[in-house]
Every structure is written in structure tokens, then in C-alpha cells.
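Trainee: Given next are the chains, with one letter for each unit.
Number of protein chains: 2
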Amino acid sequence: MNQYEYPSKILEQAVLEIAKLPSIGKKTALRLALHILKQDVEYAQKLSDAIIHLKQSIQFCRECHTISDTELCDICANPKRDTSVVCVVESIKDVFVIEQTHQFKGVYHVLGGVISPIDGVSPQDLTIESLLERITTHAMKEIIFALPVTIEGDTTCFYIYKKIQDKPIVVTMLARGVAVGNELEYTDEATLARSIKDRVAYSGSK
Amino acid sequence: MNQYEYPSKILEQAVLEIAKLPSIGKKTALRLALHILKQDVEYAQKLSDAIIHLKQSIQFCRECHTISDTELCDICANPKRDTSVVCVVESIKDVFVIEQTHQFKGVYHVLGGVISPIDGVSPQDLTIESLLERITTHAMKEIIFALPVTIEGDTTCFYIYKKIQDKPIVVTMLARGVAVGNELEYTDEATLARSIKDRVAYSGSK
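Chains as they are written, first to last, in the working numbering: chain A, 1 to 206; chain B, 1001 to 1206.
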């Protein structure tokens, strides 16, 4: 790196920290830092406070392990949600995405990752024990796997399945197939193959 | 916005503040916030400190108005730089870009913008007075305009030019033309026209 690249150590420090964020390179980080410099000091203060507050004050729901400001998250605490159906997801982001479809009325369980020996993630690093406990205490009827279609995701599904196969619970997984609105020619082979294998009865309506 | 979209007010606050940064939408802001949540608390602390430190502690060079940790920036303080040649730029970013070419051995003057009646930027909002003072006190020989080729940029050049035209100083501007390595067919007409008008003697070497 050119000695001059940053005329100020303070600026350099800010650029280096901002550039640690995912998909933000040094050029973007510099642009963001210069933008912050242009704003009122209140903006820098608010942004700075929001970041540290986020890490220091946020809680995780004691039931489903998603982000929450309270001990029990809004979904788990909502009496209208069906607590007998649990959707198992990898991360908090997946909860956001599924909630935005407005199709799911059950509750979630955030594993906090998937089993991956290569990355050193073992079942003990995830919230699997807590899931098994919930299934028993809440007398759950259905568990829906919404994990990534990868070796790690499949391994995690199978691991959990082996632990619950003797319990009286229906185990399902998300349908995989051609995306709604997508042309067949732009669909990858694996997805197309899966959508043929898992074809469903044509009901005549959309 | 969906009531559920943010399960936590703390998260929402962080997303809203991060999304105020340029070219960062709410989806990206959420991704960044969740990334910060996954890291150690030290990272959030360092990022938060760097942002507020940036705004609170940074100084601007008393000569050229670029960012600096000291009263006089590294460029203005460098005895190897030719203080009789000043390159006038719109913003601090331009200093970075020109420095990276390693072609310029003079000093800079950051205007902090260009004259723009529409945006309410008048000559008094810029560091033009300070530039005129520098030209006189340092007995400058050449002023190079490196401002954007826009009505505002041209207006600013002309405004400064009128103020210094009686002084014994050479006034130049950056050459505009076909970018190095660019094909003619992909060059816009205005640039091509400019590069024909400003054609230079062929020296036989690259």
C-alpha cells in the first residue's frame, strides 16, 4: 500500500474497520468514511451508538433463538401462532425471509449454523438440544426443515431426523423446484431434476 | 413496512442508521447488522469507536484543506513537493486519486465543492479566498484546474480565473480525451471531440 494512501491515521483506522464488513472493499469503505465526515457529528454519534448498542444489548429468544429485545420474541409470544409446527432454519436471516412471505403461521427454530466438520461446526455448537427439548415439551406435531440444500444442510437434517424419528411428529422439508416466474431454460439442472422428481398434482387453478 | 420486519427495536435502529450511508439499502444494512452481531464485541467496539473518532478528531490541513491528523498535511509539509504548483480539486477524494498516479509533485487545494446556484453553493461556501491568499503568499507559478467537466465545474474554473488573471501565474487544466487503452468506438462523442480539438504532437514514443 502506498504510504500516502491515507493522509490520516484516524481515517485509515476507520477505513480498515469499515472494510472488515462483508462485501465492502477499501474503496467503498473510503467512500463511506468520507461520507460520514461530511455529515453532522450527530449522525456519526447515532451510527456509532447503534452499532455498539446492537452488539451489547440485543437478546436472543429463549425458545427459538432469533433476535429479540425481550426474553421471548414477538413470534413465540404471539398467541395466534401455531406452536405445534416448527420451522428449522440455519440463521436469523431465514426467519426474516420466510416471515415476508406471510405464508407460515407456525414458529421457528434458529440453529445458528449447520453441521460442518470442515468448518469445525459440530451438533453441540448448534441449538439442536434445545430443539429436541422444545419438540417434547410443546408436544409438536410437525417439524419443517428449511435448511440449505448442501451437504452440510442435508447432514444436519439427517442428524436431527435420526434423533426424532421415533417421536410422533411429521417431518417435512421445503419444496425445491423451478422458481415462480422463471423460464425453464434458465433453471439449473439440479433444480429442474428435483422439480421433476417432486412433481405435484395439477389442480387446474394457479 | 411489515410490523414483523425487525424483531428487535435495537436491530431496527442499527439497520436504519447503516442504511443512511450512500448506496447501502435496507437489505444490505440488515446483512451488515447481522454480520456485526456475529462478531466479537471487540469488533463492534472498534468499528463504533473508529466512526465517532473519525468525525470528532479529524483535522483539515490549514493550507490545502485536505484531511490530516496534524495542522499541516503530509503533502504540504513534505519539503520535496513543489509548493509553487497547485492543483485545484473539488474534494478530498480527488487528492487520493491523483496521488495514486504518482505523477504530480506539486501541492493541492481542496475547494470543498463547486459553485452551484441550484444546490445553493456560492463561492463563499468554498475555500476560494484561502486559495487566492495562498497564490499570493507562496508566489505560486502554476495553478492546475482538476475540476469536473460540468457546468458547475466550468463556472468554478472561470470564477477563479477571473480573480487571478492579472497575476503572474500560469493557468492550466487537465487534458481531457480518450482514456488510455480505450477503443475509439466506445468513447463518447463529447470526449472524442475534445480529444481531437486538444490533439498533441506525436513524439514517436509511447
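Just to be clear, a hint being listed does not mean it is correct.
Each computed DSSO-like pair below joins lysine-lysine, with the alpha-carbon atoms no more than 27 Å apart [said to hold, decoys possible]:
#1 Lys1009/B <-> Lys20/A
#2 Lys1046/B <-> Lys1105/B
#3 Lys1009/B <-> Lys93/A
#4 Lys38/A <-> Lys1046/B
#5 Lys1020/B <-> Lys9/A
#6 Lys20/A <-> Lys1093/B
#7 Lys26/A <-> Lys1026/B
#8 Lys1162/B <-> Lys46/A
#9 Lys93/A <-> Lys1105/B
#10 Lys26/A <-> Lys1162/B
#11 Lys1105/B <-> Lys46/A
#12 Lys46/A <-> Lys1020/B
#13 Lys27/A <-> Lys1038/B
#14 Lys27/A <-> Lys1162/B
#15 Lys1197/B <-> Lys46/A
#16 Lys105/A <-> Lys1026/B
#17 Lys105/A <-> Lys1009/B
#18 Lys38/A <-> Lys1197/B
By construction, these hints were calculated from the structure, which means they are not laboratory data.
Trainee: For each hint, tell me whether it holds in the structure or not.
Mentor: These are the hints, each one checked on the structure:
1. With a CA separation close to 25 Å, the supplied pair Lys1009/B and Lys20/A stays within the 27 Å bound.
2. Under the criterion of a C-alpha separation no larger than 27 Å, the hint pairing Lys1046/B with Lys1105/B is inconsistent with the structure, at around 36 Å.
3. For the hint pairing Lys1009/B with Lys93/A, the CA-to-CA distance comes to about 16 Å; that is within 27 Å, so the pair holds.
4. Taking the CA atoms of Lys38/A and Lys1046/B, the gap is near 21 Å; set against the 27 Å cutoff, the hint holds.
5. Taking the CA atoms of Lys1020/B and Lys9/A, the gap is about 25 Å. The hint holds against a cut of 27 Å.
6. For the proposed pair Lys20/A and Lys1093/B, the alpha carbon gap of about 21 Å is at most 27 Å, so the pair holds.
7. Of the supplied pair hints, the one linking Lys26/A and Lys1026/B holds, its CA atoms being roughly 21 Å apart against a limit of 27 Å.
8. This hinted pair does not check out: Lys1162/B and Lys46/A have alpha carbons roughly 43 Å apart, beyond 27 Å.
9. For a cut-off of 27 Å, the pair hint linking Lys93/A to Lys1105/B is broken: about 50 Å separates their Cα positions.
10. Between Lys26/A and Lys1162/B, the direct Cα distance comes to roughly 39 Å. Violation of the 27 Å bound is thereby established for this hinted pair.
11. Between the alpha carbons of Lys1105/B and Lys46/A the distance comes to roughly 40 Å, so the proposed pair goes past 27 Å and is violated.
12. For a cut-off of 27 Å, the pair hint linking Lys46/A to Lys1020/B stands: about 11 Å separates their Cα positions.
13. As the CA atoms of Lys27/A and Lys1038/B are separated by approximately 24 Å, the hinted pair is consistent with the 27 Å bound.
14. Restraint check for Lys27/A and Lys1162/B: the C-alpha separation of about 36 Å exceeds 27 Å, so the hint is violated.
15. Proposed proximity of Lys1197/B and Lys46/A is contradicted: the alpha carbons are some 51 Å apart, above 27 Å.
16. For the given pair, Lys105/A sits about 25 Å from Lys1026/B by alpha-carbon distance, which is consistent with the 27 Å threshold.
17. Restraint check for Lys105/A and Lys1009/B: the C-alpha separation of about 22 Å stays at or below 27 Å, so the hint holds.
18. At most 27 Å may separate the alpha-carbon atoms for a hinted pair to count; Lys38/A and Lys1197/B exceed this at roughly 38 Å.
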